[in-house]
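S.K.: Okay, so the sequence shown: first residue is 1 according to my numbering, each after it adds one.
None of these hints come from the bench; they were simulated from the model.
The structure presented is a predicted model; accordingly, all values stated were derived computationally and were not measured.
Beta carbons: idealized from backbone N, C-alpha and C, even for Gly.
Do not take every clue at face value.
Unchecked claim - Label-pair ranges, simulated between beta-carbon atoms:
(1) 127 to 68: 26 to 36 Å
(2) 3 to 52: 23 to 33 Å
(3) 5 to 53: 18 to 28 Å
(4) 64 to 3: 27 to 37 Å
(5) 24 to 3: 37 to 47 Å
(6) 31 to 80: 18 to 28 Å
(7) 41 to 121: 18 to 28 Å
(8) 3 to 33: 18 to 28 Å
(9) 102 to 75: 16 to 26 Å
(10) 79 to 3: 17 to 27 Å
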Amino acid sequence: MSERPGIDELLERIREGLVRVGPREAYEAAEHGALLVDIRYQALRERDGLIPGALVVERNELEWRLDPQGSHRAPEATGHDLRIVVICNEGYASSLAAASLHQLGLRRATDLVGGFQAWKASGLPVAR
Numbered sequence: 001m002s003e004r005p006g007i008d009e010l011l012e013r014i015r016e017g018l019v020r021v022g023p024r025e026a027y028e029a030a031e032h033g034a035l036l037v038d039i040r041y042q043a044l045r046e047r048d049g050l051i052p053g054a055l056v057v058e059r060n061e062l063e064w065r066l067d068p069q070g071s072h073r074a075p076e077a078t079g080h081d082l083r084i085v086v087i088c089n090e091g092y093a094s095s096l097a098a099a100s101l102h103q104l105g106l107r108r109a110t111d112l113v114g115g116f117q118a119w120k121a122s123g124l125p126v127a128r
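Please model the entire structure based on the sequences and the hints provided.
M.R.: As structure tokens, then:
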């Protein structure tokens, strides 16, 4: 019987396939057409605020909303070449989400190191 990886090992493997970005790089990417996608739960968004211009899609809807071929896609899901930066609260769930988007052919999807908390700590814009 083979040993199955735990979540820490799985996360490490997934991150090896991502070109993760820091807060400033994510901000600049958005200025150049990247789509920032906030997957945090509503309670966290209400508590901490929103990133102006980010598309809010809770994690359980992400693949349906961003699949460019899907019937439930968001208008922002314009094609498989779209650069996407997924943002969760602290940068863990977003790595898993970005890997899932890769499986849909969205190979330019990545995530924000440190998540929303890193964005906020960097002094980048937050709307209340």
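S.K.: All hints, please: hold or fail.
M.R.: Hint-by-hint comparison with the structure:
1. 127 to 68: 26 to 36 Å: For residue 127 and residue 68 the Cβ distance comes to about 27 Å; the hint holds.
2. 3 to 52: 23 to 33 Å: Since residue 3 and residue 52 have Cβ atoms about 45 Å apart, the given range 23 to 33 Å is violated.
3. 5 to 53: 18 to 28 Å: Given a distance of about 36 Å, which is not inside 18 to 28 Å, the answer is violated.
4. 64 to 3: 27 to 37 Å: Holds - the Cβ-Cβ distance for residue 64 and residue 3, about 33 Å, lies within 27 to 37 Å.
5. 24 to 3: 37 to 47 Å: holds, 39 Å
6. 31 to 80: 18 to 28 Å: Given about 22 Å between the Cβ atoms, the range holds.
7. 41 to 121: 18 to 28 Å: holds, 20 Å
8. 3 to 33: 18 to 28 Å: Since the Cβ atoms of residue 3 and residue 33 sit about 43 Å apart, the hinted range of 18 to 28 Å is violated.
9. 102 to 75: 16 to 26 Å: holds, 22 Å
10. 79 to 3: 17 to 27 Å: Taking Cβ atoms as reference, residue 79 and residue 3 lie about 40 Å apart, which means the hint is violated.
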